[in-house]
Structures are given as structure tokens and as C-alpha cells.
Amino acid sequence: MAGPTGSAIDPGPPAGGPGRSSIPIAGPPRLGSAARSTLIAVASTVVVFGVIGWIVVNAPGWPAVQKSFLNGPVFWSSLPSIIRAFWVNVQLFLIAEVLILGFGLVIAVLRSLPGPAFVPIRFLSTAYVDIFRALPGVLVIYILGFGIPGLGLPGVPNQPFFYAVLALTLIYSAYVSEVYRAGIDSVHPSQDAAARSLGLSRFQSLRHVVLPQAVRRVVPPLLNDFIGLQKDTVLVSYIGVVEIFRQSQIKQAATFNFTPYIATALVFIVITIPLARLTDWLVARDRKRQLSGAR
Amino acid sequence: MRTLFRPAAIALATLLVAAACTSAASPTPAPSAAPSVAPVTAAPVTAAPSLAASEAPSAAPSVAPSPTPEACAPGSLATVTPGRLTIGTDNPAYPPYFEPSDPNPAPWELGDPTNANGFESAVAYAVAMKLGFTPDQVDWVYVPFTNSYAPGPKTFDFDINQVSWKPERAEVVDLSRSYYFVNQSVVTKADSPLAAAKTVADMKKFKFGAQVGTTSYDTIVNVIAPTQEPAVYDTNDAAIEALKAGQIDGIVVDLPTAFYMTAAQLDNGVIVGQFISPADKAGEYFSLVLAKDSPLTPCVDQVLLGMRSDGSLDTITKVWLSEKVNAPVIAP
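From first to last, the protein sequence lines are chains A and B.
The opening position of the first sequence corresponds to residue 1 in our numbering, with each subsequent residue numbered one higher.
The opening position of the second sequence corresponds to residue 1 in our numbering, with each subsequent residue numbered one higher.
Just chain B, with the same shape it has in the complex:
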């Protein structure tokens, strides 16, 4: 009996001590937006009374109520670093969303988010300026794609990384209104029989690949529904390697990325076509990612609404993505 008694007593005592320690720990408090006594600077662009026609009608998330000018003034925004705006994106950051500098500042491998060149870099700096931050008040942090929309506290104020709005994602993070309506597309090699496909039915017999956790993967499963199970990779680069090795016939990615892939990453790559959602269904769109219930979300939404209604978003899109939209449409 003695041999059992002592270890049990020690274990019991340890656990009771551990209980005392864990129950004493309080949960981390959520950051609260404490408006400071700051003079009200120029009010943000007042929103147009009705949504612009290009906004997704049915599947759009409920827009946050218009915030008061004081809540969105730069002095009172509860950012990760007071007085500065922290924006997150993945590394490498790919053109045409982020264009490289010569040389790139560390740690950015491919595109340089800090130079405001590239579609998403330009949108990010435009949003920052409309929120009242100057370009040198903007910091960039590296956030892997799947971490950005995962639940939990964030190291950024908002993240811009071709994250599509999905209801499951919107439940665990705040997703802004759209800044770009995007179509998925199929990339393959020029000499592949997939290159001649014109309809979804033509494509069913091929093997497709996509990055894990993306709407591109969802497109393969739900739209193409091929007979062979899709190959899933950690990154698009791995999928490109597989395409080059002939292990998959085609990759599904968003259309601007497809342009970069066929221009820079594949020697004889072609875009087979793009998928367009039917007229009665809301299309896929990119959103900025913010922490769940972030106080910045209404401000960012208001800024994006303003940018859409005054045409500045269209201008940015034309500058960086104008040639990146011409690809044949894949019929269902």
C-alpha cells in the first residue's frame, strides 16, 4: 500500500498547486478602442447613400454601421502600434499584387509591399492614406496566408493577401467589403490536351492541383468536380513544380496570379480560361482581413466604399490589372 500511496499523494499535491495557478490566470483582455482626446482632423470621405451597383448583391456580409468621424480619426484608431498602421501580407508577395524593388528590403523575397507598386500594395497605401496615415507611418509584417484568416489575435491591423470572402472565414475574422472581384482560372502547359478544353465538361478527366485552404481548391471540387481527386499542395510554387513534372495537368488559381505564373514562372504556360459566376450569384471577391470585432473594420469599410464610389479603386485596378483580365471564359 505504501508504494502506491506516496506517488498518488505527490501527484495530488502537484495537481492542486497547478489548479491554484491556472485558475488564477485571467484571460487576455480584448483590445478596446479608447478614443483619445485628439482634435478632429479631416473627416473621412462621406459614404454615398446607396451601395454602388458593382457591390455583390446577395451574399455580401452586412456592412458595419457608419462610424462617427471621431471613431475613425487617425489619433483615435486603436491600432496594434499607436500612431502607426501595421499591414500584413505573405512572403513571397507575388506580382501583379506586389511588384519588386531593386533591391528588395528584408525580408521580402519577390514583390516588395513597401513600394506601393502592385495592385494590393497600391490599395493598401490608398486605404492607409484615407484613414489618415502617411506612407512612413505604415509598417508591413509577414503573415502566412492560412494564418491571416484563422481565429485568434492578430499581429496586424489589416491583412491584404488575396483573401476571398467566405462565410466560414467571416465567422472567425472580420472581412471588409470587396476591393476586387476575382475570377478563378486554369493554368496548364501549352502542349497539354487540357489547353484545348473549352467547357467544364471537357475538363473533368484531367488531374488538377491547388493550394490547400484556398477558394481555388474549392473551385476544383465544386465547379469542375473532376473524376480524379485533386492534388493539394502547401504553396502554389509546389503546384507549379508538379505541373512541370507532369504529375498534374492543370492548376487553378485566381486570374491575376495566373498571368504572373504564365509570364514568369512557367516556360510554356497558358491560361486555359477563367470561370465566371452566373449573373444571379454573387461573385468571389477579395477582402481585407481584420481581427474579429476589430474597431477598424467600420472605418476600413467606409474608406473602401468611398474609394469605390469616387472611382479611385477603379483607377488602381486599371493601372495594375488592366491587361490581367483578358482570358477566355470557360463555359459550364
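The following block holds chain A by itself, in its conformation from the complex:
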């Protein structure tokens, strides 16, 4: 091995005495491998995004794109009304999510009722799930939002917001019930058998043994559907309510600038990312618990 000056040096007897294998002696302190990885990660990120940024900014159409999509004055002037309109979406997805989680579970349980006596119930719930997973949301909102009030039945509410909640609940419960069903099926049948053998009724077994396990398993997909629901709240704009997307469309039509859409996109990203990280954390915690055999 070379010494500090680079010239070859006779290594001499190995450290630790004769008969021991040659072990390199630690030299002057060097960067720890963790710090080195971080440095490389930062450097490569800066290089990659620097190159991307340089390409974008030097593209021939960049000034026009910047004026159309990243216009500062338009962004700041439209942001207050956009955030105010977002409150409609927030109310919509909070209320709808509670109803969806409940109604979806009911449908899932109804679909899994065994025995010939329950055939009509299983048929109806299967038909419900099939139909509402097939229909595009726009159709549902138009049919419900304009059709039902148009009948003029007494006592039927007429607020578009109500019909938006109704449409979102009906559509998403169909998807969520399938998620629940997957969760219920994933619980090993021995759990139900053991519960039944202890004398619990079918319903008690479901409520105390199967469902607690099943629902815990499907929390990540349920959160996934919740994130999707936040986007689908724009459905209410079709029946006249001014929510965040419609508000950005109004701004866009008035100024011919697409920056309001970018502002809307940013709002959605800001609320989605924490939820997505929460989902990741829950999944990781669940895996850790399962793999370490915690009780």
C-alpha cells in the first residue's frame, strides 16, 4: 500500500503479529458513509432539477407559458376568491365522507349475508354497487340534481348542495363497499368459526370479531378513496354551485389566463399531501405491527 507521499513502502509484517490476515489500518478521519450519501443525493438532485429548470426556462415558448400559467398578479388577485370557494368543497367532502363510510359498510355487510332467505337483499345490493360503479358522476349529478327537484314532489329538498352530497354518497359508497368486502374476506374464516363456536351469533361475530380486524386492514384504501372524493366534489359545479373549480373557471374566462387553475391545483396539492403521508405512516405502522408479531 502507498504511504502519504505516494511512494511504495514495504508493508512490513501485518498488524497484530504474524499469522493474522492483513487488516487495513484506519487512516485520517473521512466523511461517514451516511453524510457522503446525503451529499451525493443533494448534488444529484440539484443537478437534475437544475438541468430541467434550465431546459424549461430556455425553451422558445417559455415567456408565453409563464405569462399564461405563472402570472404573479393574476395569481394573487384570484387566490382569495378561490380559497373562499374551496370552503364549499371542504364541507361537501367532510359531510359526504362520513355518510359514505357508514353506508358503504351497510352495503358490504348486506352483500355478505349468507343463505337463501337473503337472496333479494344480496341481489339488490349487488345491483346497487354495479349500477353506481358504472355511471359517470356527471350523469348522476344531472339526473339527481335537476331531475328530482323537477318532479315537484312535496317535501323534497331543493338545494343543489344536498343533491351533490347525495350523488357523491351513492357513487362512492358503491366503491367503498367493495373495499370493505375485500377487508371482510381477508379475515381468515377461522376467526368467524371460532367466534361462532364460542356461541356468538352471526351478527355478534361480525361486530366484535370480524369487522374490527377487517376495517383496520382496509384503512389505507379507504383513505385513498377519500383523497379521490376530494377531487370529485367539483361535481357540484354542474348544478350551479360555485365551488373552487368553477370559481377558477370564472376567473379564467374573465382574464384569459390559466394561472387561476394553477392556484386551484396548489390548493388541492396542499390538502392532499398531508393526507397521503398520513396514509403512508398508517401502512408502515400496520406492517411493523404485523411483522413484529405484536398482539
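Calculated directly from the structure, the hints in this document are not laboratory data.
Any given hint could be a false lead.
With the C-beta cut set under 10 Å, the calculated list includes, among others, these residues of chain A facing chain B [as the list claims (entries may be wrong)]:
1) 145
2) 150
3) 158
4) 188
5) 219
6) 220
7) 221
8) 224
9) 239
10) 241
11) 256
Label-pair restraints from in silico Cβ distances [as the list claims (entries may be wrong)]:
12) 152/B / 56/A: 15 to 25 Å
13) 84/A / 191/B: 42 to 52 Å
14) 72/A / 191/B: 34 to 44 Å
15) 332/B / 56/A: 27 to 37 Å
16) 56/A / 328/B: 51 to 61 Å
17) 272/A / 135/B: 23 to 33 Å
18) 280/A / 147/B: 53 to 63 Å
Just so it is clear, CB atoms sit at the ideal spot from N, CA and C, and this is done for glycine as well.
Here the structure of chain A is known, so what remains is to put chain B in place on it, guided by the hints.
The following block gives chain B in isolation, referenced to the frame of chain A:
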């Protein structure tokens, strides 16, 4: 280190290749009006030296300088399809601007722009003829309303679709001089309390609806300024559904459309009244939409000026819209 090095190097190489490709692409050249060597046919109608009195005085856009006869000769017009004139409008095209044929040619759902019946169809064919095109040299294309005045290249030579002149629109497309001065109006059901309103103050407590991006929506916000936020729809048809369902009390649309709505689309619809702009302010008017800096704009403007001064525009208006103007005026 190796695990980070390779993906970074690959990404870097990809980006450099992409850079080489994108910077090599040149921007699409704007269409240039290349006058061809064509014999000068009948010169377009020479413009009257002063603007006709009915032209909007203050808020009118600057009129393009009078073009030379050669630039507007049909052979030298730089149209989308050489030798043919392409006109755009929305589908469905509504009466009284476009009247239906029996049967309508595809894809026209309601009004048929190709039959020259209907106010805007008649104006379009009159402009086409004055530009030197025969009716069978005219093609129609479907252009959604909000696309027509949005920035960007156009599939039409001009678009005629009840597009009102607005300064923001005039910055991104060329808007011709007026071919119709229009008033906004309020439509409601006969049994609604809104039907009895006479002034803007009477109307403030009601819920209004309009199509997104229209001057009708601007009228609700700026002229009526109701206490309830207006409902905004993708189309006027959706607004009609909401009116029928009782979710809104009234719709704001231009007056000729209001006549069609109350005649054909609503069973018991009434026009509450029309808004007239004060005498000192320029009224709202419809313009033809052309691509920004289109070479046709000066020619079209000259044609429209001629049609206004020789009375042909008035004649067309009387034929198609004569009964469509009698509605009570809403006081401020």
C-alpha cells in the same frame, strides 16, 4: 454511492437528449397574408368618411386603417382554406340567430347555420358575399363559445356566436366592429315573484343564474349585484333546468335569446325586462371574432361599416329580430 450514481447519470443523459430535441423545435410561424397575383375584382364597398351615428362612441376599439382594395380581394385573402371562407359557431346554434332546416345537416343540432336563415346566419352570408365569396364557398365549423375568444390559433376565418366586445377579449383575439347592439334581459317563470320586479332594487333579493364566462354573468355581478351569489352553469340549457327545478329565480341572457327561451324552452317563461345602458355609456355589442392580428380583420371591418351605412344590416335586423326587442326596460 453506486446506487445513486447510475439513476442520476441516466436521468441526466435523458434530459440532455430532451434538451437537444426541444430547443431544435421552432415555433409555428404565424400565417402571413401573401397577396397572390390575382386580377382585382370589384373593389369592396367604399367606406363612408365618418362613422355612422349608431356606432358606439367612446368604448369602441380603434378601427383598423382602411385596407387597400387589393388586400381584401377574394383571391388574396389569407383564409384557413385558400379560396374558401370558414365561419365558426357553437352547436347547438339557437334561434333567432340561426333557424333550423328540415332536416338539419350533420352535426347541427338545433339551428342550421348553412341555410342563411336566422339573424347571425344572414349576417355571416352577407359579410361573406361582400368579401367576394359565393355561398357555396362558405364552410361552417363547430367552435364552443368559450374557445372562440380564447387566445391561440383558430380553425375559422371568423366566428359569429353572440360574442360581446370586451377589452379583455380584444387583447387576445381580434374583435370586429359591431354588427348588433344588444341588451341583457332577465327571464323567469310567470308565477315567480321576480316576474313583478320593475327595478334593479326589486331584484336584489333573488337568486340568478347565468352561463360561465358571459357578459350575462357580468351583468348579474355588476348591474344587479344581488345579495345571493349567482349560480353559474356550463350552458344556458343547464340554467333553464335549474330555473324549472326552482333552484334559481331568474336567468340573465341577451334579449333575443330570452325571446327564444320563453317561446320554445320554457312552458310559462316570461321576460321580466331588459337592461339598457345609460345614454353616456357605450352599449354592449356583438362582434365577429377573428384570430389575433388576422389579415381579414380590416376587410371585415370595412364590410361591416359599409353594411351599416347602406342599411343592409338594418334590413337583416328587421327581418329576423324585429319582434325580439319589445320588452319593458328595467329601471336602475
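Each hint tested on the structure:
Using the Cβ-Cβ criterion of 10 Å, the hint placing residue 145/A at the interface with chain B is satisfied: the shortest such distance is roughly 8 Å. Checking residue 150/A against chain B: minimum C-beta separation of about 5 Å stays under 10 Å; hint holds. This hint holds: residue 158/A has a C-beta 6 Å from the nearest C-beta of chain B, less than the 10 Å allowed. The closest approach between the C-beta of residue 188/A and any C-beta of chain B is roughly 39 Å, which is over the 10 Å cut-off, so the hint fails.
With 10 Å as the threshold, the beta carbon of residue 219/A stays out of range of chain B, its nearest partner Cβ sitting at about 32 Å, so the hint is violated. Interface restraint check for residue 220/A: the shortest CB-CB distance to chain B comes to about 27 Å, outside 10 Å, so the restraint is violated. Annotation: interface hint on residue 221/A violated; nearest CB of chain B at approximately 30 Å, more than 10 Å. Taking 10 Å as the C-beta contact cut-off toward chain B, the hint placing residue 224/A at the interface is violated, the least distance being around 27 Å.
Interface hint status for residue 239/A: upheld, as the beta-carbon distance to the closest one in chain B is roughly 7 Å, under 10 Å. This hint holds: residue 241/A has a C-beta 7 Å from the nearest C-beta of chain B, less than the 10 Å allowed. For residue 256/A, the interface hint holds, the least distance from its beta-carbon to any beta-carbon of chain B being 5 Å, beneath 10 Å. With their beta carbons about 20 Å apart, residue 152/B and residue 56/A fall inside the hinted range of 15 to 25 Å.
For residue 84/A and residue 191/B, the hinted distance range of 42 to 52 Å is not satisfied, since their beta carbons lie about 34 Å from each other. Against the hinted window of 34 to 44 Å, the Cβ-Cβ separation of residue 72/A and residue 191/B comes to about 50 Å, which falls outside the hint. With their beta carbons about 51 Å apart, residue 332/B and residue 56/A fall outside the hinted range of 27 to 37 Å. The hinted range of 51 to 61 Å is satisfied by residue 56/A and residue 328/B, whose Cβ atoms lie roughly 57 Å apart.
The hinted range of 23 to 33 Å is not satisfied by residue 272/A and residue 135/B, whose Cβ atoms lie roughly 55 Å apart. A hinted range of 53 to 63 Å for the beta carbons of residue 280/A and residue 147/B is inconsistent with their spacing of about 41 Å.
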